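**Q** Protein chains in written order, with this note's numbering: chain X, 130 to 239; chain G, 1455 to 1566.
By construction, these hints were calculated from the structure, which means they are not laboratory data.
One thing to keep in mind: the hints can contain errors.
[As the list claims (entries may be wrong)] Cross-link-like lysine-lysine pairs, in silico, BS3-like; alpha carbons within 27 angstroms at most:
(1) X:Lys226 with G:Lys1509
(2) X:Lys131 with G:Lys1520
(3) G:Lys1518 with X:Lys226
[As the list claims (entries may be wrong)] Pulled a few chain G residues facing chain X out of the computed Cβ check, cut under 8 angstroms:
(4) Thr1486
(5) Gln1496
(6) Leu1498
(7) Leu1500
(8) Ile1547
(9) Glu1554
(10) Gly1558
(11) Gln1559
(12) Gly1560
[Said to hold, decoys possible] Here are some chain X residues the structure puts well away from chain G; computed CB gaps all over 10 angstroms:
(13) Tyr180
(14) Ser181
(15) Ser197
(16) Arg205
(17) Ser210
This structure is a prediction, so every number in the text was calculated from the model and none was measured.
By construction, the Cβ of each residue, glycine as well, lies at the ideal position given by its N, Cα and C atoms.
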Amino acid sequence: RKEVEQDPGPFNVPEGATVAFNCTYSNSASQSFFWYRQDCRKEPKLLMSVYSSGNEDGRFTAQLNRASQYISLLIRDSKLSDSATYLCVVSDSGTYKYIFGTGTRLKVLA
Amino acid sequence: GAVVSQHPSWVICKSGTSVKIECRSLDFQATTMFWYRQFPKQSLMLMATSNEGSKATYEQGVEKDKFLINHASLTLSTLTVTSAHPEDSSFYICSARQEEAFFGQGTRLTVV
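Model the full structure from these sequences, guided by the hints.
**A** Shown next as structure tokens:
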């Protein structure tokens, strides 16, 4: 079983749609969780950290369920510029290593 | 904000030659840097953890004699792909952390 699993997609959605991505992780000792965005042939960039209480940043909402070892990202009112690959990232506090999911590709269509 | 700079952004080399990739933290000191590799349509896979002033820690399956890592200063880590072969062609990315991880721009290596 992979340490971090994501549905690779692609998710093709119309502009303005709401789309949700899910991610599961296998290491129950994981402490830190993030969503990164990666554009084609570019480095990943932090989209948002994920906290147990859930957090929102504009059109983006992230949630963490420790009991189910599950992380989600919700994007509301999708824009064309949201088209990218979204990477779920998990880290434990001891090693500082980041473990990446395979990413979920999103394509927002005009 | 903090920036990590990686150089070169792309390189094409002949099979059997060695390639050095540099990773610099520009406005903060990084005692630890990470090197990743990403094949097309796959995830970033951690190759090794680079530790300033000491030996790098390699992930399982990564050959330390093939991927030489040097972290001689608090702002610079280098990855040398020795005797490169076509199967080493990939996107190599470094990372350094403050409170969050910052990534270099990546190096696209093509071995012909």
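**Q** Hints first: check each against the structure and report whether it holds.
**A** Here is how each hint holds up against the structure:
1. X:Lys226 with G:Lys1509: The hint holds at about 16 angstroms.
2. X:Lys131 with G:Lys1520: holds (26 angstroms)
3. G:Lys1518 with X:Lys226: Holds. Lys1518 of chain G to Lys226 of chain X sits at ~18 angstroms (cutoff 27 angstroms).
4. Thr1486: holds (6 angstroms)
5. Gln1496: OK, holds: Gln1496 of chain G within 8 angstroms of chain X, min 6 angstroms.
6. Leu1498: This hint holds: Leu1498 of chain G lies near chain X, its Cβ roughly 4 angstroms from the closest one there, short of 8 angstroms.
7. Leu1500: holds (6 angstroms)
8. Ile1547: Constraint on Ile1547 of chain G satisfied, holds at 6 angstroms.
9. Glu1554: This interface hint holds because 5 angstroms falls under the 8 angstroms limit.
10. Gly1558: Holds, because the Cβ-Cβ distance from Gly1558 of chain G to chain X comes to roughly 6 angstroms (cut-off 8 angstroms).
11. Gln1559: holds (5 angstroms)
12. Gly1560: It holds, given that the least Cβ distance between Gly1560 of chain G and chain X is near 5 angstroms, below 8 angstroms.
13. Tyr180: The claim holds: Tyr180 of chain X sits with its nearest Cβ about 13 angstroms from chain G, beyond 10 angstroms.
14. Ser181: holds (18 angstroms)
15. Ser197: holds (21 angstroms)
16. Arg205: holds (24 angstroms)
17. Ser210: Non-interface label on Ser210 of chain X holds, nearest chain G Cβ at 20 angstroms vs cutoff 10 angstroms.
Of the hints listed earlier, there is not a single one the structure fails to meet.
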